[in-house]
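Trainee: The chain contents come next:
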Amino acid sequence: MLRLDNLAKRYKTGDHALRGVSLEVDRGQIVGLIGPSGAGKSTLIRCINRLVEPTGGKVYLNDVELTSMSGADLRRVRRRIGMIFQEYALVERLTVMENVLSGRLGYVPFWRSFLRRYPQADVDKAFALLERVGLAEHADKRADELSGGQRQRVGIARALEQDPELLLIDEPTASLDPKTSRQIMRLIREICEERSLPAVINIHDVLLARMFVDRIIGLTAGEVVFDGPPAELDDAVLTRIYGAEDWTAMQTAAAEDAEDAEDAAAAHGGHVRRAAEGERPEERLAGLA
Amino acid sequence: MPVRELDGRPVWQRRTTRRQWAIWAGWLAGVMLFVWCWKLMTGRTIWAFVWDAPRQAADIGSRMLPPRWSYIDKLLWPLWDTLNIATLGTLLGIIIAVPVAFLAARNTTPSALFLRPVALFIIVASRSINSLIWALLLVSMIGPGLLAGIIAIGLRSIGFVGKLLYEAIEEIDESQVEAVRATGASGAQVLDYGIVPQILPAFAGISVFRWDINIRESTILGLVGAGGIGLQLQASLNTLAWPQVTMILLLVLGTVLVSEWVSAKVRHAVI
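These protein sequence lines are chains A and B, in that order.
Residues in the first sequence are numbered from 1 upward in steps of one, following this note's numbering.
Residues in the second sequence are numbered from 1 upward in steps of one, following this note's numbering.
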């Protein structure tokens, strides 16, 4: 599905962001990319859709080589790669609907996007996606009127509007509170399962990663230092990725935080909203653990 | 770091003693310069005229009042011309300034080596020449009248609108642009979805602000023959018809008040 072959990036400043990364992602697999700040996580996912130009190596999507493409070919590939951003990166002054429809920009001619005359099929799809992420009644609001969690849902809908074959997700929860972070990760997980979409998720929060992904790749100084299932991610591996730290204490504290968040959610009628997002998330979580 | 030891404890001062003395010396030099300039300035003044000023002002004032209200009949048409010069000139300026701004902004220019310096030069050239000078040049080139006024206002507006707009373009949030590009959008689509929504409020504010300035500037363009109410002002001044001058100034004051109000309303509405 997605294959990186010895991918390298050196910035003009001389920093080696990536030093020969090779990996493969299969259909439907959710990969969590962890590592310290500056390890090259953002650069790696941006090299896949060429928002950042790699300086070496190759990227293959369905055995099509992406690194040599340009112009219209590159745009045709990009439109099949959905991307979700850390600070949502919605166009703040456009409406929710316009933001979701902007996922079709790679498919429609300029005059259609300029006059906002999208084909009805695209509009139907956008409504269905807004329904799916729980924002059906917000279609006409401007993006900057929404809360953080709602904006990230719009970001997810925009990525799905592209009919993607692959999702690239850059720190989806870095700007969100613990409860919303879990809801967003759960939503991403469910959507990937529904469509057997592969995803590469760049994530700071090791516990969230362990809870929601199939496979974890640890990146340090531009090199892969760990690649395996979340269960194998023990203290020794974390030390290899991040350096020495008291991992056990951190995880205990974080687990308590998560419990608090769940309790608070239950106390504030959060279960109503959660029920709207998908059925029985607790059960699936239990299955994962 | 002006930290000293005093009785075994560190003492902190904002500046070292030496630096403090240097600053006092600087102030002293400033005061001396002011005294010297004052002497130079007043040495060439004929004080008899200055002491006479209140009487002269009262004299002109008495001749200016009351304004000649009936003169307004002859002013409405030139006033309409003035508004048209300002509005059409602003439009002309905006039409040229928008592409220039995109060429001048570091993040949208197609060629930082060649086109960007050209665009910046256009902006600086337009800004360095006052509307009145542009009008003077144009009247001698294309003759007196409204057209010279419109083009003069337009040429001066390019620099103003272009400069503020290209600064607004350089300040946009690049992550929104990146997100639009990631969907596979073409260059024109990235412009339409990623950049234009971000600069639209600034664009509306800048345009209305310039229109407001242009109304004030177009009232004097007539002094050099470029049409509008300035022609009447010049005629009245030349014939020492002070009550008419008062009437014109009152009318200009009213117009500027209205245009300020409109521009404040529009800017409030778009932000």
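Careful: at least some of the hints might be erroneous.
A few chain B residues facing chain A, derived, Cβ under 8 angstroms [what the hints assert, rightly or not]:
id : residue
1  : GLN20
2  : ALA22
3  : ALA25
4  : ALA29
5  : ALA168
6  : GLU171
7  : ILE172
8  : SER175
9  : TYR193
Calculated directly from the structure, the hints in this document are not laboratory data.
No experiment lies behind these values; they were computed from the predicted model shown.
The C-beta atom is built at its ideal place from N, Cα and C for all residues, glycine as well.
Trainee: Now tell me if each hint is right for this structure.
Mentor: How the hints compare with the structure:
1. GLN20: Hint violated; GLN20(B) Cβ to chain A Cβ min 41 angstroms, cut 8 angstroms.
2. ALA22: violated (39 angstroms)
3. ALA25: This hint is violated: ALA25(B) lies away from chain A, its Cβ roughly 44 angstroms from the closest one there, beyond 8 angstroms.
4. ALA29: violated (45 angstroms)
5. ALA168: violated (13 angstroms)
6. GLU171: violated (14 angstroms)
7. ILE172: violated (11 angstroms)
8. SER175: At 4 angstroms from the nearest chain A Cβ, SER175(B) passes the 8 angstroms test, so the hint holds.
9. TYR193: Since the shortest Cβ distance to chain A is 5 angstroms, the answer is holds.
This entry does not satisfy hints 1, 2, 3, 4, 5, 6 and 7, going by the numbered hints stated previously.
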